[in-house]
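Required output: the full structure, derived from the provided sequences and hints.
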Amino acid sequence: MRQRWYRDWGLTFRMVLTSFLLFVVYIIFLSLLYAYGVGFLVIAMFAGVFILAQFLFSDRLVLLTTGARIVNEREAPELHEIVSRLCMMANLPKPKIAIVDMAIPNAFATGRSRSKSVVAVTTGLLRTLNKTELEAVIGHELSHIKNRDMAVLTIASFLATIAWFIMRFSLYAGMWGRRRDNSAIIIAIISAVVWFVSFLLIRALSRYREFAADRGSVLITGNPGALKTALLKISGLMSRIPSRDLREVEGMNAFFIIPAISGETIMSLFSTHPPIKKRIEKLDELEKAMEGL
Amino acid sequence: MKSIRSLFSRSKKSEKSLLGILDAVVDMEFYLDLRPSSNAGILVKPLKTHYYRESENIIREMLQLIEDSYKTRSQIEKDSYGYTWILMEDEDFEDLVNAVYMLESVFEDHNLKNQILVGVFRFEGDYRLYWIYSFKKGKFYPFIPEEPSEKKRNTAQELRVANLMEKILPVEKKVEEWFPLWDIPF
Chain D
0 MRQRWYRDWG LTFRMVLTSF LLFVVYIIFL SLLYAYGVGF LVIAMFAGVF
50 ILAQFLFSDR LVLLTTGARI VNEREAPELH EIVSRLCMMA NLPKPKIAIV
100 DMAIPNAFAT GRSRSKSVVA VTTGLLRTLN KTELEAVIGH ELSHIKNRDM
150 AVLTIASFLA TIAWFIMRFS LYAGMWGRRR DNSAIIIAII SAVVWFVSFL
200 LIRALSRYRE FAADRGSVLI TGNPGALKTA LLKISGLMSR IPSRDLREVE
250 GMNAFFIIPA ISGETIMSLF STHPPIKKRI EKLDELEKAM EGL
Chain V
0 MKSIRSLFSR SKKSEKSLLG ILDAVVDMEF YLDLRPSSNA GILVKPLKTH
50 YYRESENIIR EMLQLIEDSY KTRSQIEKDS YGYTWILMED EDFEDLVNAV
100 YMLESVFEDH NLKNQILVGV FRFEGDYRLY WIYSFKKGKF YPFIPEEPSE
150 KKRNTAQELR VANLMEKILP VEKKVEEWFP LWDIPF
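Quick note, the sequences are listed as chains D and V, same order.
Note that numbering that gives the first Met the number 0 has the first sequence beginning at 0, numbered continuously upward.
Note that numbering that gives the first Met the number 0 has the second sequence beginning at 0, numbered continuously upward.
None of these hints come from the bench; they were simulated from the model.
Here a beta-carbon is modelled for each residue, glycine too, at the ideal position from N, C-alpha and C.
A hint or two may mislead.
Claimed, not checked - A few chain V residues that face chain D, going by a derived Cβ cut-off under 7 Å, partial list only:
1) Tyr30
2) Arg34
3) Ser36
4) Tyr80
5) Tyr82
6) Glu145
7) Ser148
8) Lys150
9) Ala155
10) Val174
11) Phe178
12) Leu180
13) Trp181
Quick look at the structure:
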């Protein structure tokens, strides 16, 4: 369980694959136990142990899969200074800080509790953003820690797993009572549906936590504009504001018969993820609300 | 002021959009600490036709009329792109905006609507902000030059200003149309 700053598909794929495989291994194992006639209570205990292990070690797993390196104060003094200051404002214990050597600007927080957290940023993020924008991004990650999002989402997936199991067990019991032949297929389908629905619910919950973390960042830094420009820079939207002089562009339009490609078309060709747009809209509203508009 | 303005037949839509800058003044000062300056300018793309040169004389006459009536001083300058700036100065911001408005009408009435590109209003505070008004689109966009020699602008602040003012001012939503003017002569 971890929170990412911005969805980039390489990293997302690795993380989703990791957690998916973990989940598959875990389901197969528990199903095997059941098939060999192990009682419900024992299986529930195993499930509990699995969840606990995931809760305890997922942060290290995330750091391993992303190649994040914990840095001390000597290695990254400015980053440490920013995190310390923001933690003081957010009333949080200072987390460990990690850097991922990756050109794509990104950041994430991980860790099961407030005192055992890690905030990681990519080298691309450090290069892309200025100091106030970096503060806004770190404020967002600290808000995830403050809101205990990692724990919340772990518990949510635990509840989803329990729901899945109850469904399976009650179906098994029901089917076997009536001795149906195609019961296994039906059980598999219903289990899959339960799993899928809970997966969607967890995604929705996680999206909601993103918005909450954006708000949290603004509360800590008091600067919705910085978070907005950070998002715009990370997503590449910022570079859409031109630096070419109007008169040059006007001249071109007069010269060519076909007018220069319009902004709308460029936007749809390189359309960005809607979540970023939604988040910026919410930040725009927040910025206005803070000014009493 | 009303009497002269009523001479110019204008569509309701464009009338509203340019004069919106007058409604924005209070909020610009209240929320952003930016006050209107006494300078404004109109960027014109001249034509090399006899008709255009004749029209230019009418425009000069109009500028003189405005100066006589409202004490809005003006001058015409050429820039390095071969464009023409009509520069206007008036301590009364309302008169300044109305002067720009009246000139737009003159251009429109002489079928030179395509030659008049943008109207530019300067605001001052801790930094300098230009509201650039596209006559064609009837929309404003902010421009905050930081280091014109390096073509650097403060996009972060521009986005903030645009967001805060969008309810009062018709702001251009497509940021890729926020074309800068690197050597505004005022």
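Hints, one by one, checked against the model:
{"no.": "1", "hint": "Tyr30", "in the structure": "holds, 5 Å"}
{"no.": "2", "hint": "Arg34", "in the structure": "violated, 17 Å"}
{"no.": "3", "hint": "Ser36", "in the structure": "violated, 20 Å"}
{"no.": "4", "hint": "Tyr80", "in the structure": "holds, 4 Å"}
{"no.": "5", "hint": "Tyr82", "in the structure": "holds, 6 Å"}
{"no.": "6", "hint": "Glu145", "in the structure": "violated, 11 Å"}
{"no.": "7", "hint": "Ser148", "in the structure": "violated, 12 Å"}
{"no.": "8", "hint": "Lys150", "in the structure": "holds, 5 Å"}
{"no.": "9", "hint": "Ala155", "in the structure": "holds, 4 Å"}
{"no.": "10", "hint": "Val174", "in the structure": "holds, 5 Å"}
{"no.": "11", "hint": "Phe178", "in the structure": "holds, 4 Å"}
{"no.": "12", "hint": "Leu180", "in the structure": "holds, 6 Å"}
{"no.": "13", "hint": "Trp181", "in the structure": "holds, 5 Å"}
Hint violations for this structure: numbers 2, 3, 6 and 7, all remaining hints satisfied.
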